[in-house]
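Keeping their order, the protein sequence lines are chains G and R. Under our numbering, the first residue of the first sequence is numbered 1, with each subsequent residue one higher. Under our numbering, the first residue of the second sequence is numbered 1, with each subsequent residue one higher.
Accuracy of the hints is not assured; some may be wrong.
Stated by the list, open to error - Looking from chain R toward chain G, a few residues come up when the C-beta cut is under 7 Å (computed):
| hint | residue |
| --- | --- |
| 1 | V27 |
| 2 | A46 |
| 3 | L49 |
| 4 | L86 |
| 5 | V89 |
| 6 | F200 |
| 7 | P203 |
Hints listed in this document are in silico derivations from the structure and should not be mistaken for laboratory results. Glycine included, C-beta positions come from ideal geometry on N, C-alpha and C.
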Amino acid sequence: MTNAPEEQGGTGKYYVVYVCMLLISAIELFVAYHRPRGGQLLGTLLILAFIGAILGVLYFMRLASENRNAVIGFAVFTLFVLATINYGWTDSFRLLLGVPYAK
Amino acid sequence: MSHSEAVLEGSGHGHHVPVFEPSPFAVPAKKLAMWLFIISDIMTFAGCLIAYGFLRNAQPDWPRPYQSGTIISVTIMTLIMITSSLTMVLAVRAARAERRHEAFRFTMITLVMGLVFVALHLREWFSMIGQGVTFYKNPWGTGLFGGAYYSVTGIELLHVMAALIAFVIVGMGYKRGRYTSVDLENCGLFWQFINIVWMFVVPLVYLMNVAG
Chain G
1 MTNAPEEQGG TGKYYVVYVC MLLISAIELF VAYHRPRGGQ LLGTLLILAF IGAILGVLYF
61 MRLASENRNA VIGFAVFTLF VLATINYGWT DSFRLLLGVP YAK
Chain R
1 MSHSEAVLEG SGHGHHVPVF EPSPFAVPAK KLAMWLFIIS DIMTFAGCLI AYGFLRNAQP
61 DWPRPYQSGT IISVTIMTLI MITSSLTMVL AVRAARAERR HEAFRFTMIT LVMGLVFVAL
121 HLREWFSMIG QGVTFYKNPW GTGLFGGAYY SVTGIELLHV MAALIAFVIV GMGYKRGRYT
181 SVDLENCGLF WQFINIVWMF VVPLVYLMNV AG
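In isolation and in its complexed conformation, chain R is listed as follows (with noise of 0.2 Å):
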């Protein structure tokens, strides 16, 4: 008898035993909830940066403001999310052998990166700011500039503040045993969608718009 008609019979040796239908995908059912999430949340960022490229393409006065220093601090912030999705795979990897201490270790790693990362995030916005960079309006061309800007980085950073949340939560409840490796690895998927998505906001937004 196979795994699942052993599950969808439902009974045996005279005792009532609960129905379940096996996951869909062989995957726990937290999980394929949190990839379900991240496929819809993937609609959230791809409208988002398609609205931005239908703007930068259908305006011919479309700014290029940004200096080196940006892009090198843009390039911090690309090296600091790249090396925490390392950490945060090594976290998962550990969680999963039940390693809770160095699981815990590199989730704290990856939660320190992730708060120097919205440090830079927010400097680069008050330095936007302080050049004049509102939602409607700008010194060099179309007022779009603003609020497409703002709209792209806002939604990535506000996903890196929830995550940086759930890594508090999760890894602390991890490490006293309230949660389970399958928890610590759905903030693992988020992390690592996060920084897939800052892998597509980087060339679109800045390198796109590097001042000539």
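One chain only, chain G, in its complex shape (with noise of 0.2 Å):
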């Protein structure tokens, strides 16, 4: 099987993904060191870093430019990984707090 067609346009949409990038490395910089409170500086980071995950994955990785059933598949199933990967942070918080049965 060979490659899917090369997509059309030129190198400028990978030169605009690059520019906003690097904004949202700058725009991160300037929130840490601009000192929200805790949970709204990890908040806005996170949202930042997935910002700049989701232009990385559909433009350096061409997932855009994939088959329709793979975007969606390679999306679901990244979702439901990274969903149930997180059942760890309740028990995080019962440490935090330290209910007697985490002792």
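With the hints as a guide, bring both chains together as one complex.
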């Protein structure tokens, strides 16, 4: 089987994504030194990181130019993996709050 | 007759033709395998980062040791990673158009940037070791900090070094005609994945712990 046909258009979109990723990193740095409260800092940084990751996956990993079934399949599978692995967070709050059965 | 029917029918004009199922997502099998590997590798990194977040969240005396020198170094590393992602995607694009010399040149530029990243990463590690941070103790707070830090950044560094070895082998092989554009594209996918992981490592490990 051969590759999918080369997508139309030049390399301009890659440079746009590159600049966007640099901007996201700069905003992250600014936010970290601006020091919002802990939860806000984490939330803001994670949202920015996810935006950068989505840009990277779609354009630098070229998922946007793949077959639509592949895009949906990979996305669903990855989100399922990430969602199920997050069950541990509740236990970290339980340890922090020191409820009896955590000791 | 559709393409899939033709492939599945498996014979024609009296000649025996091997029967193949079409690739499920209409991508080459090697590339599909790389995507599945990346998805499984997401579990590795997600496990490490979530464990790191778990420990940081559960420890009130988590250290915040990163001075501006470290943050500047990490910012340069991020710049290198993002720029190397751009050069790698340009290498893949050239490879798909069968422009072998251009693809090889961009791959080697990516390789050099990866080597600089590794050098800066090791410099950070030696700096931390010099400040007394080991797997089990450090001068600032909970002893879990060092283990969590070295695990998360170490697994990232290990992936980067594996990708650089792949760049040398596949890049040279592609230039000589031994490997195809799909092989180089797989290297590119892996490199982009490492870059995306780095975009999570920086905020969680470094920017959340800037010294006040």
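Which of the listed hints are broken here? Failing hint: just 3.
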